[in-house]
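Each residue of the sequence shown is one higher than the one before, counting from 1 in our numbering.
Hints listed in this document are in silico derivations from the structure and should not be mistaken for laboratory results.
The model shown is predicted, which means the values in this text are computed figures rather than measured ones.
The reader is advised that the hints may include incorrect statements.
Cβ-Cβ distance ranges computed for the label pairs, FRET-style [stated by the list, open to error]:
1) A208 with E377: 25 to 31 Å
2) E70 with H131: 35 to 41 Å
3) Q193 with Q104: 17 to 23 Å
4) S336 with P44: 18 to 24 Å
5) K24 with Q146: 31 to 37 Å
6) T285 with T13: 27 to 33 Å
7) K55 with K128: 43 to 49 Å
8) H131 with N2: 47 to 53 Å
9) Q255 with Q193: 14 to 20 Å
10) S221 with I35: 44 to 50 Å
11) E87 with H26: 49 to 55 Å
12) D19 with V58: 37 to 43 Å
13) Q104 with P251: 17 to 23 Å
Positions of the beta carbon are idealized from the N, C-alpha and C atoms, including for glycine.
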Amino acid sequence: MNTFDTTISRKNTNSVKWDIPEKKYHQNDLLPFWIADMDFHVLPAVQNAFQEYIKQGVLGYTYFPQELFEAVIQWQATQHHYHLQKEEILFHSGVVPSIALAIQAFTQPNDAILIHDPVYPPFASVVKANHRKLVRNQLIEKEQFQIDFDRFEELIIEEKVKLFILCNPHNPGGRVWQSDELYHMGRICQKHQVLVVSDEIHQDLVFAPNLFTTYHNVDASFSDHSLVLTSATKTFNLAGIKHSMVFIKNPDLRQKFSMLQKQLYQNEINTFGMIGTQAAYQHGTRWLTDLLVYIEENIQFTLTFLKQHLPQVTCMQPQATYLLWLDFSAYGLTNSQLNKKMIEEAGVVLNAGITFGSMGDQHMRLNVACPRKNLEEGLKRIAKVF
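Given these sequences and hints, build the entire structure.
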């Protein structure tokens with residue numbers, strides 16, 4: 001049996017994915033396909049690294065080992081042809097906290113910050129929580145999401161945008177932005193002195209023949225006006241260890257970010273975050289290869305199922321991630337009715353599309369990173385009520 005087919009009981013483990021829906025909706029038979037973590041065992045090398053560390057029995061203060069920097073540098077070079085120096089790498093507790101820190105470091109209250117619509121919901125919430133003005137540029141929804149570059153630039157000029165949060169690969173659409181698209185966005189931002197914060201946490205979860213390009217590799221000058229954020233946590237199902245990287249090549253930007261990090265005492269990182277990241281990058285290549293095969297098979301299984309049993313539900317073919325963007329607009333339900341029908345009648349929990357922006361109206365996001373047995377059961381439940 002494929003290791004990814006193993007069913008793991010996550011109930012009563014304080015799991016956000018499994019335990020919160022049951023408490024919130026008071027149903028004990030719900031199948032969760034919402035928050036973006038995977039129902040798969042962690043890479044054995046990571047588990048072993050944790051166990052070896054615990055054996056010595058003391059959980060005291062730790063520092064960043066040289067081997068961690070080397071693992072990050074090697075991974076980025078091998079996987080993404082992205083070359084880093086040690087001093088260009090900062091560590092933080094997560095990608096969203098890094099976005100928050102960047103907003104505080106490089107903008108002022110009421111400054112305008114641009115995001116796409118639809119996009120990962122915390123982008124909007126972190127902008128609002130820091131008292132900045134949220135500006136959304138709607139994507140064009142076709143077979144794949146496309147960017148309205150004219151409107152993108154118009155909004156930057158009209159709203160005097162100071163910072164743009166890019167999601168690459170895109171969540172929820174699974175879109176891998178091409179180099180020419182990134183170049184076009186980057187030149188516009190350069191022209192109008194807009195700082196780019198590029199969230200690249202899904203960079204490793206890309207399906208052939210699609211190729212991921214980090215923002216810094218698009219043009220040599222782009223590193224002057226940007227930060228790149230990523231983590232091993234999404235790739236290797238390590239969300240709970242709270243660890244991420246911030247790549248800043250421009251020394252002035254790096255000093256400003258690092259200084260605020262120190263002022264807020266956010267420069268000390270979870271020990272298990274460091275251990276897990278290092279072990280994953282050192283030993284995870286084969287595991288990741290197998291994972292991508294399984295996820296892509298789950299995606300194709302889902303798309304085939306929808307075509308056969310739910311032809312009114314349309315879905316873009318994702319180029320990356322384990323997240324599918326489902327369009328239920330043919331049923332004419334409100335967002336509230338759609339969500340209620342999923343939970344109360346189908347017994348499944350998906351992400352409500354409207355939380356990703358106005359373009360998420362009558363959409364749902366489905367997480368397929370689970371054993372196929374669970375996925376098939378969930379899809380059958382949805383088909384039965386629709």
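Checked hints:
no. : hint                       : result
1   : A208 with E377: 25 to 31 Å : holds, 29 Å
2   : E70 with H131: 35 to 41 Å  : holds, 40 Å
3   : Q193 with Q104: 17 to 23 Å : holds, 19 Å
4   : S336 with P44: 18 to 24 Å  : violated, 43 Å
5   : K24 with Q146: 31 to 37 Å  : holds, 36 Å
6   : T285 with T13: 27 to 33 Å  : holds, 28 Å
7   : K55 with K128: 43 to 49 Å  : holds, 45 Å
8   : H131 with N2: 47 to 53 Å   : holds, 48 Å
9   : Q255 with Q193: 14 to 20 Å : holds, 19 Å
10  : S221 with I35: 44 to 50 Å  : violated, 37 Å
11  : E87 with H26: 49 to 55 Å   : holds, 52 Å
12  : D19 with V58: 37 to 43 Å   : violated, 31 Å
13  : Q104 with P251: 17 to 23 Å : holds, 19 Å
Hints 4, 10, 12, counting from the list given before, are not met by this structure.
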